[in-house]
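K.L.:
Here are the chains, one letter per residue:
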Amino acid sequence: MRPSIPLFAAFLFFAIGCRHYHYSPNFVHTPYIEKKGDGVVAATFGANPVTLNGDFHASYSPIKHGAVMLNYFRTRSSFEEPNFLGQPVYQESTEGYFLEAAAGGYWPFEFGTVAMYVGWGQGQMRNDYGIARISDLRLQRFFVQPTLTYKNDWFRLGLGLRLVQLSFPSGTIDYRIEPEDIEVIKRLEKDSPFWFPELGGNLGLHFKPVTISAHLVLAALRPSTDYGFDGINIGLGISLELQELFKKREK
Amino acid sequence: MKKHVPIISLFALFLLLGACKSDFNYFYYSKEETELLSQYLNLPEIPDDYTVTFPAHLSNVGLFPRAVERDKAVLGRVIFYDKKLSKDGTVSCASCHKQALAFSDNKVFSEGVYDRSTTRNSFALGSVANFSAYYGTDLNGFNAIRFFWDNRAETAADQSRGSMTNAQEMDMSMQEIAAMVESQPYYAPLFNKAFGSPVVTEDLVLEAISNFVNAMGSFQSEFDAEANQSDPTPDGNFGNTVYHSNFSGFTSAENRGKYLYNANCSSCHSGNMGRPVLQLANNGLESNPIDLGVGGITGVNSEKGAFKVPTLRNIALTAPYMHDGRFANLEEVLEFYNSGIQNHPYLHVPNRIQVCHTFL
Numbered sequence: 001m002r003p004s005i006p007l008f009a010a011f012l013f014f015a016i017g018c019r020h021y022h023y024s025p026n027f028v029h030t031p032y033i034e035k036k037g038d039g040v041v042a043a044t045f046g047a048n049p050v051t052l053n054g055d056f057h058a059s060y061s062p063i064k065h066g067a068v069m070l071n072y073f074r075t076r077s078s079f080e081e082p083n084f085l086g087q088p089v090y091q092e093s094t095e096g097y098f099l100e101a102a103a104g105g106y107w108p109f110e111f112g113t114v115a116m117y118v119g120w121g122q123g124q125m126r127n128d129y130g131i132a133r134i135s136d137l138r139l140q141r142f143f144v145q146p147t148l149t150y151k152n153d154w155f156r157l158g159l160g161l162r163l164v165q166l167s168f169p170s171g172t173i174d175y176r177i178e179p180e181d182i183e184v185i186k187r188l189e190k191d192s193p194f195w196f197p198e199l200g201g202n203l204g205l206h207f208k209p210v211t212i213s214a215h216l217v218l219a220a221l222r223p224s225t226d227y228g229f230d231g232i233n234i235g236l237g238i239s240l241e242l243q244e245l246f247k248k249r250e251k
Numbered sequence: 252m253k254k255h256v257p258i259i260s261l262f263a264l265f266l267l268l269g270a271c272k273s274d275f276n277y278f279y280y281s282k283e284e285t286e287l288l289s290q291y292l293n294l295p296e297i298p299d300d301y302t303v304t305f306p307a308h309l310s311n312v313g314l315f316p317r318a319v320e321r322d323k324a325v326l327g328r329v330i331f332y333d334k335k336l337s338k339d340g341t342v343s344c345a346s347c348h349k350q351a352l353a354f355s356d357n358k359v360f361s362e363g364v365y366d367r368s369t370t371r372n373s374f375a376l377g378s379v380a381n382f383s384a385y386y387g388t389d390l391n392g393f394n395a396i397r398f399f400w401d402n403r404a405e406t407a408a409d410q411s412r413g414s415m416t417n418a419q420e421m422d423m424s425m426q427e428i429a430a431m432v433e434s435q436p437y438y439a440p441l442f443n444k445a446f447g448s449p450v451v452t453e454d455l456v457l458e459a460i461s462n463f464v465n466a467m468g469s470f471q472s473e474f475d476a477e478a479n480q481s482d483p484t485p486d487g488n489f490g491n492t493v494y495h496s497n498f499s500g501f502t503s504a505e506n507r508g509k510y511l512y513n514a515n516c517s518s519c520h521s522g523n524m525g526r527p528v529l530q531l532a533n534n535g536l537e538s539n540p541i542d543l544g545v546g547g548i549t550g551v552n553s554e555k556g557a558f559k560v561p562t563l564r565n566i567a568l569t570a571p572y573m574h575d576g577r578f579a580n581l582e583e584v585l586e587f588y589n590s591g592i593q594n595h596p597y598l599h600v601p602n603r604i605q606v607c608h609t610f611l
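So the sequences go chain by chain: U and Y.
The first sequence begins at 1 in our numbering and counts up one residue at a time.
The second sequence begins at 252 in our numbering and counts up one residue at a time.
To be clear, the hints were calculated from the coordinates, so they are not data collected in a lab.
Positions of the beta carbon are idealized from the N, C-alpha and C atoms, including for glycine.
Only true hints are included.
Label pairs and their calculated CB-CB ranges: (1) U/124 <-> Y/334: 43 to 53 Å; (2) Y/471 <-> U/124: 34 to 44 Å; (3) Y/299 <-> U/191: 23 to 33 Å; (4) U/178 <-> Y/295: 18 to 28 Å; (5) Y/448 <-> U/178: 20 to 30 Å; (6) Y/276 <-> U/131: 15 to 25 Å; (7) U/236 <-> Y/433: 57 to 67 Å; (8) Y/318 <-> U/190: 21 to 31 Å.
Once the Cα atoms are required to be at most 25 Å apart in a straight line, the calculated BS3-like pairs of lysine-lysine come out as: (9) Y/272 <-> U/186; (10) Y/335 <-> Y/349; (11) Y/444 <-> U/186; (12) Y/349 <-> Y/334; (13) Y/334 <-> Y/358; (14) U/64 <-> U/35; (15) U/35 <-> U/247; (16) U/151 <-> U/208; (17) U/186 <-> Y/282; (18) U/247 <-> U/36; (19) Y/272 <-> U/190; (20) U/151 <-> U/64.
To give an idea of the interface, some chain Y residues facing chain U are shown, with a C-beta separation under 8 Å as derived from the structure: (21) 272; (22) 273; (23) 274; (24) 297.
Using the sequences and the hints given, assemble the complete structure.
P.N.:
Structural data, given as structure tokens:
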């Protein structure tokens, strides 16, 4: 285990060192759906060393073994860039959103449910480098996501591996931003699209029909400073399982 | 096979999406600024990067250029080419300092406003970057590289002021220059970018020109490439041995010329083609000079007939040669050093010198 400590420290260093982001991962959602008519709505609030974010998720199974999901993600950070004396000079920020839809199949088995989703989404990451210098990149993500979920009366456990193809089809960039930031964007433009896996999981306590859960997603990226990618997101969420809610009401 | 169709389609879609490349739009000026500027100027959408980077062989011997600020250099470039800033609107700095000629002129004496003739050959500004970090110090200090053939200007700003206000050149006062700049609508956004305000002052005009002039240099010559590739000294540093050893990419004639140059010319002009070694020299053009050069400014006897020592970068582009343009080509220059040097009590060069034309 020891080698992982410096690795984690290095990760944190890069995460904190790079304050402008062009991508930040939303949570890997693992819908707790087992049969036709099941549905979930969820809201998760996350953070990493730099950004704060909100993640909204809805999923529903309209047919047997088939489900759809819709995710909306919003992230933001703002900070003051100091001058060489350490005094704050101007406000800078990173903000972005992402909307995606996915469809897939699920197959319950003895110890849980396996599922496979395929999805596509679009979003935007806007960085303000101060004194009205903006980079505004449109991003597009295609993904294939196998998931494994387990649930009982009290717990929810979900794991998902999101295989991502991320691209930046277009962008508008103020060339007055710092040369090193321009370099990051040019590198990103040159090397797009990117292929990488994101590993996500959640663990929740269930109080019918509500689940309170902790979420974690890790993106297996090159050092974030290469492209201004954010590689981690940790959050706390609340979800509502619609079939249980309606059952309660029927009772 | 049919059951694999969705999977294959999925992968095909994946690959198709993967083929989409990014197409970013970089902009430097706002839409309003672009609309205004494009009415008057033909500036690149993204300004050029004016950063000067010395080749390794120069930076490794401790030479460095003066930092250039892009927005100021862009503004300086517009001013440099603006004929409105001369008395009769026919001459700009670029009229006598043509980029294609290493920012020199191919005339013996350039023409200023109202077809007036200048009194000395236009000095090539194409290698100001070579010594930009070394001007602005006292006249006699080691680092005191100066401007004009008679070294009368301490800085690029002084030099610009001197040319703009010279009756034979642009014949303006600095107040007139500042007023003219302020009256032209295209300068407001450029001043805003460079100085954070559209307010024009004489000093800001000169600062902008200085930034542009400081960026004038070229370091992609065959000489630089060869010097960069040469083996450093055993302690890992580039030293003068680099310039004294043969370059593998040079012909034998070029290496012979380099050898002769190092033996006979480099003590004034520098062996590494960086900043000149001497700030002034009397090269024996005349035994009794009429144009006193540096001595005419300083009044120092030993400097009468001495002139600024130029760097020899891009020398092939800057004919005619010498302060009065008396030599039409390099052959004449070399023949002068070979056989034409006149005796003078304060001569800086030996009376006899070997030609190194092939190298130059």
